[in-house]
Each structure stands twice: as structure tokens, then as C-alpha cells.
Amino acid sequence: MKPEELYENEFKELLTRFESSVNTGNSTPFFDTDDLLDIIDHYFGEEKPEMAKKAIDAGLRLYPDNTDLKLCEVQYIAGEIDPVKAVDMLEKMERNEPDNPKIIFTKGNVFSFQRRNEDAIREFSRVLEIAQKQNLGGLDDIYMHLAFEYEYLEDFDTAIEYAKKAIGFDPSNEQAPADLCTFFDHADRIDEGIGYMKGLIESNPFASGLWMGLGILHRTKGEYEEALKCFDYVLAIDDEDLNGLFQKATTFLLLEKYNDALSFYKRILAVTPNETATLFNMGECYERMQEHSTAQTYFRKVLQLDPGSTQVITKLARSYFYQNKKNKAFTLLNDALKESDASELHATLGQMYIENDDFVSGLPHICHAVDIAHNQPEFIAAVCYAMVGAGLPNDALDFIESKISPDENRSKMILIRGIINLKIRNKDAALRDLLYAFVSDPNNVFWFRENHPELLEYPEINSLLEDVNFNS
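Residue numbering for the sequence shown follows numbering that gives the first Met the number 0, starting at 0 and increasing by one per position.
No wet-lab data here; the hints were simulated from the structure.
In this text, all values refer to a predicted model and were calculated from it rather than measured experimentally.
Hints may be right or wrong, so weigh each one.
What the hints assert, rightly or not - Keeping only pairs whose Cα atoms sit at most 20 Å apart, straight-line, the calculated EDC-like set for lysine to aspartate or glutamate is: (1) 422 to 397; (2) 265 to 255; (3) 52 to 79; (4) 52 to 37; (5) 47 to 72; (6) 228 to 173; (7) 228 to 255; (8) 265 to 237; (9) 300 to 334; (10) 300 to 290.
Assemble the whole structure, with the sequences as input and the hints as a guide.
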């Protein structure tokens with residue numbers, strides 16, 4: 000038996016013994032603090048906070064002065080009751096142990112939970128200083144926490160620098176490279192990221208996390224074959240690496256090689272049959288293969304595991320709709336809206352009504368989605384297209400004009416105005432808008448191609464794309 004299997008069996012016995020004591024109401028049997036902390040971590044990881052609280056209470060009855068158990072109690076209170084109370088508790092603990100890095104670190108986590116990012120940065124920086132002075136381990140974890148706080152502040156350049164420090168401290172860290180690559184992507188520094196990861200790999204060729212990060216960057220850039228080679232290296236290091244299997248499968252999905260993708264997703268399910276992202280992507284594969292009934296089976300499995308997921312509800316509803324089970328699709332979305340006012344639900348329901356030529360029912364839902372989502376461009380576009388479809392082109396132009404302002408979405412709004420003008424045959428106005436949008440932000444070209452391939456049939460559009468060097 001492998002060491003990890005032995006530990007897993009021992010932990011299952013430990014968990015059974017604890018749950019038996021809870022279910023029978025017996026007085027708390029003896030557990031050492033490490034066992035209790037493992038049990039608490041397990042319940043937090045399984046999102047079972049009430050069971051975690053029972054383990055915390057049992058621990059504090061046995062070890063009332065144990066700081067680690069008190070910090071677990073703080074974690075529970077921050078997440079389930081009141082983060083302000085949690086901070087008060089931490090400050091009292093800190094007065095007794097002013098240089099305890101665990102207390103300060105937990106305080107940083109609570110501030111992060113409250114989105115008090117500047118305060119979290121201050122506390123994590125204090126932990127870093129103490130850890131460096133006392134020559135403690137775990138610096139890579141502290142660096143990554145700082146990186147995430149800067150990510151929340153959208154300071155991606157600083158996030159990159161801290162993530163680099165984390166990886167430099169421990170190149171074998173499996174998760175940090177993927178996070179670093181996300182920061183490179185958000186900072187629009189993908190090519191630099193690829194070069195950086197390749198440099199690290201030269202010194203650490205067996206660090207699977209580095210190969211994973213490099214593969215993700217290549218895939219983000221659309222270099223799918225290069226991405227697949229990187230994920231092959233991950234699997235060569237460990238052929239049972241579930242994340243490697245998932246990333247390779249997802250790359251095949253993007254390449255529209257659905258059978259190849261499914262073969263890798265099935266390998267994941269053989270190990271973790273309730274892995275929701277895998278189940279969802281398998282449904283996506285079958286949906287794109289127009290095997291609607293099979294796709295729906297997988298989407299329903301995900302809903303059983305995550306009943307409130309608006310992404311899955313809208314995907315399942317669309318599948319019903321395109322299988323011509325329209326009543327089922329409308330019922331699913333209307334029932335979901337009784338529980339949630341999510342913008343995605345309103346947008347999807349509105350679009351379905353409109354595709355069913357029911358503009359009167361559809362427009363209010365899409366307009367409500369725009370209000371909820373604070374002017375998300377995709378929803379604004381849906382409103383405008385619905386107005387055009389309903390024979391209200393001037394209303395569509397008035398609506399998009401009201402949304403054009405000097406912010407980061409200006410070029411996308413002008414792109415949508417150009418599409419409206421194209422739909423209503425105002426070609427000269429349309430071409431002016433499209434030229435501005437394409438030149439202002441190349442991402443508008445990709446959005447246009449993905450969402451409006453039918454408009455590429457206009458020779459003027461292809462000429463325009465050639466003029467701005469975006470034709471392919």
C-alpha cells in the first residue's frame with residue numbers, strides 16, 4: 000500500500016470515530032491537536048462549516064488555550080457569522096502574542112475576505128517580515144497571498160513580481176505558475192510570460208507546474224498545438240495528474256476535437272466521478288456535437304451537485320431550446336428566476352423569447368439583465384439586436400448612443416453601433432464605426448468574428464479587416 004493510501008485509510012477511520020462521537024452525543028473522545036486540525040481542514044475544504052464548528056468546539060474543550068484551534072474558530076466566525084467580530088478576536092489574541100505570524104496571517108485573510116485589500120497587504124507584509132527574520136518556511140505561500148491582493152486591486156504588474164518570488168523560492172510549487180500566467184495574461188504580457196516560463200523550465204525540467212503554466216499561456220495565445228506539447232510533458236512527469244488531463248482535454252475541446260477531449264475527461268471521471276468542471280465540459284462537448292440528450296444528462300448531473308449554478312441552468316435551457324423542447328427551456332429558466340435574479344438568467348430567457356419571435360416578452364428580460372450587470376456589453380448588444388429584430392432600429396441606435404461614454408467600454412459600444420448600422424443597411428456609418436473599434440482594440444476583431452461570423456460575408460468587412468491587418 001502506498002504511503003498516501005495508508006494515510007487516507009487512517010484519516011477515514013479518524014473521521015468515522017469523530018462523526019460517531021457527534022452522532023451518539025457522547026463526550027468528546029481523545030484526539031490530539033494535529034488530528035483535530037486535520038478534521039477541521041477537511042470540513043472547511045468540503046464546505047461543511049457546521050461540522051467544522053463541531054470539531055472546533057470539541058478541540059477547544061480538550062485544549063482551551065491552543066492558538067491554532069482558536070484561529071480555526073476565528074475562521075469560522077469570519078465566514079459564517081461576522082468578519083468584524085473575527086478581527087476583534089484576532090486583535091485580542093495579538094495583544095498577547097504580538098509577533099505570532101499565524102495570528103497576523105489569519106488577520107490578513109479576514110481582511111481579504113472583506114475585500115479590504117490594502118489592509119490585507121499590510122498584514123501579509125508584516126508576516127513576510129517576521130518569517131524572514133525568524134527564517135521560517137512558507138515564504139512562497141505568503142508571496143502568493145500578496146500577489147492575489149494586488150490582483151484584486153488590478154495591479155497585475157506587482158502581482159507578477161510577487162508570484163515570481165514565490166516560484167523562485169519554490170519552483171516545484173504546482174499552482175503558483177498557473178496563477179502567474181493568469182497575471183501575465185491580465186497584464187497583456189503573454190509573450191514575456193512565455194519567455195519567463197521557458198527560462199525557468201531550462202533549470203527545472205521536471206517541475207510539472209512550470210510546464211502547466213507554459214501550456215496555459217500558449218493556449219491563451221491560441222497556440223493550441225504548443226499547449227498540447229506542454230501538457231504532454233506534465234503527463235510524462237505524472238500520467239495520473241488530473242489537472243494535466245483536464246487541461247489537455249480542454250485544449251482538444253477548443254480545437255473542436257471533441258472525441259479526443261471526451262477520452263481525457265473520462266479518465267478524470269474514473270478517479271473523481273463528481274468533478275463538476277469535467278462533467279460540465281463533457282456536456283459542452285456533446286452539445287457541440289449536437290448530441291443534445293447526452294449533453295443534458297451531464298448538465299443535469301452538474302445541477303445535482305451545484306443546484307444554484309446559473310451557468311449550468313442557462314446551458315441546459317439552451318440545449319432544450321435547440322432540441323426544440325422550448326416549453327421545457329422556458330419552464331427551467333422561469334423556475335430558476337423564482338430563486339435568483341441573476342442577469343445571466345434574464346438575458347438567456349430574453350434571447351430565447353426573441354429567437355421565438357416574442358419580442359414583447361423578451362425585451363424586458365434583456366433590459367433588466369443590462370441593469371443588473373451594470374451595462375455588460377454582451378447584454379447591451381442583445382437589447383439592440385432585439386430592437387432591430389422587432390422593427391425598432393431607431394430605438395436601437397438611441398439605446399446604444401446612451402451607452403457610449405469615455406470609459407473602457409467605449410470602443411466595444413461603438414463596435415455594437417457599427418453592427419446595428421450594418422444590420423439596417425447604413426453601410427457607410429457601419430464601416431466608420433467598425434474601423435474605429437478594430438483599430439482601438441484588436442480584441443474587438445476576435446469578438447466580432449466569434450459572435451457575428453455571418454457578417455463576414457460582406458466583402459466590405461473583409462476589405463476593412465485586410466486594411467487593418469486582421470484578416471486571416
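Hints versus structure:
| no. | hint | verdict |
| --- | --- | --- |
| 1 | 422 to 397 | holds, 15 Å |
| 2 | 265 to 255 | holds, 17 Å |
| 3 | 52 to 79 | holds, 10 Å |
| 4 | 52 to 37 | holds, 13 Å |
| 5 | 47 to 72 | holds, 14 Å |
| 6 | 228 to 173 | holds, 18 Å |
| 7 | 228 to 255 | holds, 17 Å |
| 8 | 265 to 237 | holds, 17 Å |
| 9 | 300 to 334 | holds, 18 Å |
| 10 | 300 to 290 | holds, 16 Å |
In terms of the numbered hints stated before, the structure departs from none.
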